[in-house]
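Chains as they are written, first to last, in this note's numbering: chain A, 123 to 569; chain B, 137 to 448.
Keep in mind the hints are simulated off the structure, nothing from the lab.
Some hints here could point you the wrong way.
Beta-carbon label-pair distances, calculated as ranges [stated by the list, open to error]:
1. A:Ala222 <-> B:Tyr437: 33 to 43 Å
2. A:Gly350 <-> B:Leu181: 40 to 50 Å
3. A:Asp164 <-> B:Val275: 46 to 56 Å
4. B:Leu230 <-> A:Asp359: 34 to 44 Å
5. A:Lys175 <-> B:Trp222: 45 to 55 Å
6. A:Gly225 <-> B:Trp222: 32 to 42 Å
7. B:Ile187 <-> A:Ser221: 13 to 23 Å
8. A:Asn202 <-> B:Val274: 24 to 34 Å
9. B:Gly208 <-> A:Lys175: 40 to 50 Å
Some chain B residues judged to face chain A by a derived CB distance under 8 Å, without partners named [to be verified]:
10. Gly202
11. Gly285
12. Ser392
13. Phe413
Derived coverage of chain A by chain B (criterion: at least 3 residues anywhere in the stretch with Cβ under 8 Å from a Cβ of chain B; other residues may be distant) [as the list claims (entries may be wrong)]:
14. 167-175
15. 389-397
16. 525-531
Source: prediction; values computed, not measured.
Glycine is no exception: its CB is placed at the ideal position from the N, C-alpha and C atoms.
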Amino acid sequence: MIKTLTRRGLLQSSAVAAALALGLTACGGGGNAAPQQTVNSDAVEQALQKGGKLTVWAWDQSLKKVAEGFEAKYPNVDVNLVNAGTGNDQYTALQNAISAGSGVPDVAQIEYYALPQFALSKSLADLGQFGAADLDGTFTAGPWSSVQAQGGVYGLPMDSGPMALFYNKELFDKHGIAVPTTWDEFLEAGRALKKADPKAYIANDTGDAGFTTSMIWQAGGKPYQVDGTNVGVNFSDAGSTKFAETWQKLIDEDLLAPISSWSDEWYKGLGNGTIATLSTGAWMPGNLVSGVADGAGKWRVAPLPQWEKGATSSSENGGSSLAIPAASSQAALAYGFLKYSNVEEGVQTRIDGGAFPATAKDLASEKFQNTEFKYFGGQKANQIFAESAKNVPAGWSYLPFQVYANSIFNDTAGQAYVSGTKLKDGLTAWQKASVKYGTEQGFTVKE
Amino acid sequence: MTMTSPQVAARAGAGAPAGQSSRRASRRSWAGWWFIGPFMAVFALVFLAPIAYSIYLSVFRNQLIGGTAFVGLDNYARALGDAQFWSALGRVSLFLAVQVPVMLFIALVVALALDSGRLYGRSFFRISIFLPYAVPAVVATLMWGFMYGTRFGLVGNINQAFGLNLPSPLSSELVLASIGNIVTWEFIGYNMLIFYSALTVIPKSLYEAAEIDGAGQLRVITAIKLPAIRGAIVVASIFSVIGSFQLFNEPSILKSLSPNTISTYFTPNLYAFSLSFSGQQYNYSATVAIIMGLITMAIAYAVQVRGMRKER
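Full structure from sequences and hints, please.
Put into structure tokens, the structure is as follows:
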């Protein structure tokens, strides 16, 4: 679970409009308010009543309760929830099962950043056939655009990760440092903090592909351009440059703790005041509660610092969808599960379990917005997260081979953290390596 | 000097009886097949079939766009010109050249010390030196990874307690040595046991003869013990050569602690792993694995030939 949360994903397909037109069979409009039944959604209803055995591959723990509720509502369906590994491990198993043509699950959890890769290889069923396009407006824009690929809808968003700044208020108060609202202020705060306490760092970072791309996304950068099999990779745009320049200063001045996220040192550092802030997705609170008990009451949430004073731009970091492998023989029944889990009753079950939803309705609900987080001293943090979800810049896409690209981030860009390599040059090296791989894989890649 | 290593014994028993009539020979050969049949079946299934499949994979190329195509020896040509592959191979070769001699030397000294009979609590030493081998490599690496921590780990504690500023064992310059330290810790006991068991089968009469001739301990070691366990040293060296080339667990686990100093092509196995599991380049990964297999075989064979050569 934890490992996946560090991965981020959002794909903005260039063909959202086409996707909307495609899957509709007999629908008057794409509105969330009055979705009309399509022929195929009758088929889903029939499949649910008829029942069967459904194999679901997911590592998200909250789905267990969802599966129980689903089985209670549709007594003829038997859900077999399998944890086939987390993130990349599961993708490997899934890829192998798909190539072998046997043992393929009916439903699989796939993170947003990895979805295009599976959609591209036609490994997933286009959910348009079940009227998934009708769900336009049900989900917030970021996650919804990230399940669109290749002119179809290839998954239903399960959760999302609008970013925010988590900070150790006690530490900031102790040294009289103001909470940064821009990245320049963040840099200043980092300097002030180091001066006040040489052992404290404004943040930890050892080079993280997901974080880097999310930051560039917020800065308005669009390093990846994807149009079918034509792919562009370019880290010299304004957004990428803004990030690289600011972060270079943080690296040069030794303001970032060289502690990898999710390590033992990291958990300790968050609790004992070594690491002052975390810029990450809205799924983080659960991890703080379970992993950093020492921090209870000390931490707070603020909007993500801005690249320009007064702006409200945000970004997405992490999140998964549920998708149906094309090889599943029970796609209709599987879609019934997807809908139950990600649109209907299952959403509340998962919110109760600590998940951050992707459904617009739940994000806007009073109950959700007014939830007080004990860990954050009673702060209504969901208001900040929900606001962040609205302010994610459109037009971002991930590569259709992002899984591999992310795996080689530390070979290239990560060198900036441990050697004299400049981050800007590191990103260029990452770009070159990504282009090389894409070309080898048969894409038409331009830099 | 007679060698009492298992190899010699096996070779002596392997001589086939000759001069039988052809009928009897043919009947006998059938019976032989029945005996080795079950072994051959399993051997073919779990050993030959995967190799054949890897070779089959290595002559194709699968692309995300374009599917699978036969490419002949293109993958091999690519591997031979692949700087990342060669840097991985260079790294494990350096590891082999430094870590293996150090480890085997320490193991040998410990085995000789145990065998000398002058050590009190011999069985306690034997078991405690062997114990690290019983710790799974994954657990051992996690444990060492924690100790290597410069903030809350052992290194951090030492720095704090003595006001030192030890460099991080996971920095670019030191990470290979740190991995060598873990591997040495893990495998000294194992190699010590190989040497020690070879030492215990040396006939005591030789020592008595040496004593009568007035030979000192050092002379006994160089003239009797070391020549007698030469076979065991060669075996241990071959295992270590193979182990070095297959280095994977330790860097793979430490990578999560130090992602920038351990690249995805840190060792050939890590490279093959990354190619297939992150990059889905199963074909090229199979090629890298085959080339590494051949190189490992060649070097292990060279060690064996060199080590077993009769010196006289």
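Do the hints match the structure? See the list:
Against the hinted window of 33 to 43 Å, the Cβ-Cβ separation of Ala222 of chain A and Tyr437 of chain B comes to about 36 Å, which satisfies the hint. For Gly350 of chain A paired with Leu181 of chain B, a C-beta distance near 43 Å keeps the hint of 40 to 50 Å intact. Remark: the range hint 46 to 56 Å for Asp164 of chain A to Val275 of chain B is upheld by a beta-carbon distance near 55 Å. Checked against the hint of 34 to 44 Å, the C-beta distance between Leu230 of chain B and Asp359 of chain A comes to roughly 40 Å, which is consistent with it.
A hinted range of 45 to 55 Å for the beta carbons of Lys175 of chain A and Trp222 of chain B is consistent with their spacing of about 50 Å. Between Gly225 of chain A and Trp222 of chain B the CB atoms are about 38 Å apart, so this pair conforms to the stated range of 32 to 42 Å. The hinted window of 13 to 23 Å between Ile187 of chain B and Ser221 of chain A holds, with their beta carbons roughly 20 Å apart. Take Asn202 of chain A and Val274 of chain B: their Cβ atoms lie about 29 Å apart, and the range 24 to 34 Å holds.
In this structure the hint that Gly208 of chain B and Lys175 of chain A lie 40 to 50 Å apart at CB holds, the actual value being about 45 Å. Look at Gly202 of chain B: its Cβ gets to within about 4 Å of chain A, closer than 8 Å, so that hint holds up. At about 6 Å, the closest approach between the beta carbon of Gly285 of chain B and any beta carbon in chain A falls short of 8 Å, and the interface hint on this residue holds. Restraint check, Ser392 of chain B versus chain A: the minimum CB separation of about 7 Å is within 8 Å; hint holds.
For Phe413 of chain B, the suggested interface contact is upheld, since its CB lies about 5 Å from the closest CB of chain A, less than 8 Å. Against chain B, the region 167-175 of chain A contributes 0 residues with a C-beta closer than 8 Å to a partner C-beta. That does not satisfy the three-residue criterion, and the hint is violated. Residues of the region 389-397 of chain A lying with their CB closer than 8 Å to a CB of chain B number 3, which satisfies the three-residue condition for coverage. Counting residues of the region 525-531 of chain A whose beta-carbon sits less than 8 Å from any beta-carbon of chain B gives 4, enough to reach three: the coverage restraint holds.
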